[in-house]
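Chain order of the listed sequences is A and B.
Residues in the first sequence are numbered consecutively from 734, following my numbering.
Residues in the second sequence are numbered consecutively from 104, following my numbering.
There could be a bad hint or two in this list.
Here are the computed lysine to any residue pairs in the SDA-like style, where the Cα-Cα straight-line distance is at most 20 Å [claimed, not checked]:
(1) B:LYS142 / A:TYR758
(2) B:LYS142 / A:ILE735
(3) B:LYS385 / A:ILE735
Residues from chain A that keep clear of chain B, each with C-beta distances beyond 12 Å, as calculated [as the list claims (entries may be wrong)]:
(4) ILE787
(5) TYR791
(6) ALA796
(7) ARG798
(8) ARG799
These are computed hints drawn from the structure, not numbers from a lab.
Values in this document were obtained by computation on a predicted structure and should not be read as measured data.
Even for Gly, the Cβ is constructed at its ideal location relative to N, Cα and C.
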Amino acid sequence: MISIWFFIGISLAVNGALILAAGVYQLVNPPVNPGVVLFHLHANVWWGAVLLAIGLLYCFKFAPRRTS
Amino acid sequence: MTPLLAAAVPTQLVRLAPIDIVIVVFYFALVLAIGWYLKGRANTGEDFFMAGREMTAWVAGLSFLSANLGALELMGWAGSAYQYGILATHWYWIGAIPAMLFLALVMMPFYYISKTHSVPGYLKLRFGESSRALSAVSFAFMTVLMSGVNMFAMAKVMQIVLGWDINFSIWVSSLTVAIYVTLGGLRSAIFNEVLQFFLIWAGALLIPILGLYEAGGWTNLKLQIAHRASEQYVHLWSGLGSFTTNPMGIHWTGIVFGLAVVISMGYWTTDFLVVQRILAAKDIRSAEMAPIIGAGFKMLVPVIVILPGLLGLAVLPEKLVPESVAAVTGAHSYNDVLPLMLARYCGPGLLGLGVTALIAGFMSGMAGNVSAFTTVWTYDIYRPFINSKASDHHYVNMGRWTTVIGVLISVGTAYLVMQFASIMDYVQALFSFFIAPLFGTVVLGMLWKRATGSGGFWGLLCGTLCSISMWTWVKVDPTALRYVALSPHAKGLAQDMYQALWSFITCVVVTVVVSLATKPMSDSQLSGLVYGLTEVPAVGDVPLYQKPLFWAGVVAIVFVILNIIFW
Chain A
734 MISIWFFIGI SLAVNGALIL AAGVYQLVNP PVNPGVVLFH LHANVWWGAV LLAIGLLYCF
794 KFAPRRTS
Chain B
104 MTPLLAAAVP TQLVRLAPID IVIVVFYFAL VLAIGWYLKG RANTGEDFFM AGREMTAWVA
164 GLSFLSANLG ALELMGWAGS AYQYGILATH WYWIGAIPAM LFLALVMMPF YYISKTHSVP
224 GYLKLRFGES SRALSAVSFA FMTVLMSGVN MFAMAKVMQI VLGWDINFSI WVSSLTVAIY
284 VTLGGLRSAI FNEVLQFFLI WAGALLIPIL GLYEAGGWTN LKLQIAHRAS EQYVHLWSGL
344 GSFTTNPMGI HWTGIVFGLA VVISMGYWTT DFLVVQRILA AKDIRSAEMA PIIGAGFKML
404 VPVIVILPGL LGLAVLPEKL VPESVAAVTG AHSYNDVLPL MLARYCGPGL LGLGVTALIA
464 GFMSGMAGNV SAFTTVWTYD IYRPFINSKA SDHHYVNMGR WTTVIGVLIS VGTAYLVMQF
524 ASIMDYVQAL FSFFIAPLFG TVVLGMLWKR ATGSGGFWGL LCGTLCSISM WTWVKVDPTA
584 LRYVALSPHA KGLAQDMYQA LWSFITCVVV TVVVSLATKP MSDSQLSGLV YGLTEVPAVG
644 DVPLYQKPLF WAGVVAIVFV ILNIIFW
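Work the whole structure out from these sequences, hints included.
Set out below in structure tokens:
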């Protein structure tokens, strides 16, 4: 049976990758009007990277071939 | 739960980018995929209704917490933090932690050893069929109505925050929940609740991090709040010596005896919506550890709920107003503080994750209601009173159909509330009527062997009637609040605390008096159900750091330290 933690890993990794991609795009193409406070901190870059890293860790550690 | 109902629809708070839509759609696809994957593992009654009783302590504990961590809870209490300050934290700390530890160390062994499927099922074993019938019917009826009320509130919030059509929100969320719970039963609900727990944290944790950065740290935040509101907004206990020296208009006796001793004990130890998750644990140690793990994380929840509300007080340029004023003026209400903070800090991608966290919160609460309703209907109403001789396969099918029907009743309730908004307040009030006296009945049943079946039934009934009477009295004559809540300065939340306290006391007194006047039950009838007549199995020969008592002590110490720090 696939572990619940593997599903969580997939969710965090995919969401992290999407957020990181959106952040990198904004980093390369800064919008004229960012629309958010503290835009210069580029939270979507580092928060996306954190989620991606945790997600990949969970995917690896709880991969079906390792837990079955 | 704080009522969350916006009557007016001002401008939509946030606008999603395509990447945000992708994140939301991915979430729906994943929860449905989990339900589909688990459909082959819900073929027996134990699998469908109790998740095979094979959940680890971590899964059961996070699910236990997640079932309570609905988005109405998040948004409502963030709004309360904006309105009342850090006092709202009491509902997460003293209003939860002692009760969770009490459940783990005192009550869970009896639930677990009796192998009951539900809380009404325990009442049947301890007090007989009449007590089970009373609690099962009231729980099933109110759970499915509450699910509908929450569904409508969710759709309303989605309309305000995102501009989504109410019908779209109601049908998409309810059908998704119906599909994954029908396919995988409680196991599917639990798996998705754990997933939702992670998403809620991933989506909401950035707000306090960036908010504290903007405010210049905790010390500066306190100064700004003192300047814009009052110094009492950042103190947990120091203003509770009088009804008039704190923003909530409540006395410490209401918080300690009403909230901590009665309401939270009632909710966390007898509301089957949350207790069901613990009953699915794989062994007695996991069943005891699960609420302790839940308590550890519960202490952290104010970081993503209360802190954003306090940060809103300090950094938002506009002044938020009560719902009644917002409905007239079109200004933002207290309950908008969380989405406003989300929109303030979260750009493309992060906004999608934040919105997904809110949707996940709504759906975990709805799935919790539906799976609990399904179990109580099938095992505590249908099987004992309608069809007691059917096969296990028949009851599983009944569970699947009940899931669908429960969701449809919830949808119907949501549309009813849309037509008659006042129903929402009535349903929320009705639900609270049963919690406090039910705790009195269950705890006496577990700890006092002299309590009899008649005592349990009449105590539960009289406690409930007492609660209804007080609520009706205040509804008819609002000045009666000074008698119910012991002060003319008391406000709505204070009424809830004292109403619960009086109904609990009534339940206990009636149970004791009737029990002493009726024939005691024999020891053999009470074996495995009552303290003193039950041999609680040891958790095994495990190291200290794996013992529930050790971790309960750690949680209790941290709880005390936190209360002292924020005194």
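Hint-by-hint comparison with the structure:
no., hint, in the structure
1, B:LYS142 / A:TYR758, "40 Å, violated"
2, B:LYS142 / A:ILE735, "13 Å, holds"
3, B:LYS385 / A:ILE735, "17 Å, holds"
4, ILE787, "9 Å, violated"
5, TYR791, "9 Å, violated"
6, ALA796, "15 Å, holds"
7, ARG798, "16 Å, holds"
8, ARG799, "17 Å, holds"
When each numbered hint is compared with the structure, violations occur for hints 1, 4 and 5.
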